[in-house]
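In order, the protein sequence lines correspond to chains A and B.
Residue numbering for the first sequence follows our numbering, starting at 22 and increasing by one per position.
Residue numbering for the second sequence follows our numbering, starting at 22 and increasing by one per position.
In case anyone wonders, no lab produced these hints; they're calculated from the structure.
All the given hints hold, so there is nothing to weed out.
Since the list gives no way to pick one copy over another, a pair counts as held whenever it fits inside one copy or between any two copies.
Straight-line distance between alpha carbons at most 30 Å, and here's what the computed DSBU-like set of lysine-lysine pairs gives:
1) LYS52 x LYS36
2) LYS48 x LYS93
3) LYS93 x LYS36
4) LYS52 x LYS93
5) LYS64 x LYS52
6) LYS64 x LYS90
So the chains spell out like this:
2 protein chains.
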Amino acid sequence: MELRTIGFIRSPFGKPEDAPSQGKRSKARGKVELLDPYAEGLKGLKPGQYIYLLYFCHRAERDALFSEKRGKGVFATRSPHRPNPIAIDLVRIIAITGSCLEVEGIDAVDGSPLLDIKPFVRDIDCA
Amino acid sequence: MELRTIGFIRSPFGKPEDAPSQGKRSKARGKVELLDPYAEGLKGLKPGQYIYLLYFCHRAERDALFSEKRGKGVFATRSPHRPNPIAIDLVRIIAITGSCLEVEGIDAVDGSPLLDIKPFVRDIDCA
Numbered sequence: 022m023e024l025r026t027i028g029f030i031r032s033p034f035g036k037p038e039d040a041p042s043q044g045k046r047s048k049a050r051g052k053v054e055l056l057d058p059y060a061e062g063l064k065g066l067k068p069g070q071y072i073y074l075l076y077f078c079h080r081a082e083r084d085a086l087f088s089e090k091r092g093k094g095v096f097a098t099r100s101p102h103r104p105n106p107i108a109i110d111l112v113r114i115i116a117i118t119g120s121c122l123e124v125e126g127i128d129a130v131d132g133s134p135l136l137d138i139k140p141f142v143r144d145i146d147c148a
Numbered sequence: 022m023e024l025r026t027i028g029f030i031r032s033p034f035g036k037p038e039d040a041p042s043q044g045k046r047s048k049a050r051g052k053v054e055l056l057d058p059y060a061e062g063l064k065g066l067k068p069g070q071y072i073y074l075l076y077f078c079h080r081a082e083r084d085a086l087f088s089e090k091r092g093k094g095v096f097a098t099r100s101p102h103r104p105n106p107i108a109i110d111l112v113r114i115i116a117i118t119g120s121c122l123e124v125e126g127i128d129a130v131d132g133s134p135l136l137d138i139k140p141f142v143r144d145i146d147c148a
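Work out the full structure, taking the sequences as your base and the hints as a guide.
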């Protein structure tokens, strides 16, 4: 199972230590730049809409199974360090310009590879 | 970016046509069987808790960018057919036995490769 980079996230966070632990708790703005072949997939998205960004935590450790800091297995935490370091970041679309989205609520380190975008749907995403 | 299979989902759905479009709208029960090396990562999860299963839609088409059926780009839909077919399924844990979770709300086709488990946290996952 090989992942494809469909774009990159541009954020004010140059290092993992600078990034907020969760985007929802941040008002930071960033950009989502899709690679040209994938821009068609954005049709139908609108400013104001909430979306999930799925991105690859390219600086995460993949062999961690237990978080000493949290005293739990990694699957009981939201740590970026996990066997498949795929992060989910809920953001709000501010503007859409061609293949670029400006968003609010970013938590990714600058340059993180984008894997997917899904519209947030309360009815299916919230317990 | 290569993904690791950390387990498999066992469900009553043998074919994609049999599976509900979203697990949240289903009461179907299934099992999440982690491969032994990853079982340690479950420590701290508890019955009753809501979790997201991230799994690979191994039967999805990866070249689709526009959904004719929905009249939108795939990133504006929850279609399984997308460049990186990673599904997010919100389920509730019924029981935990060793490296196996029994869950309610499954939407995966039987045998889907499991990629990740994350605890649902309303404060960061809901708009």
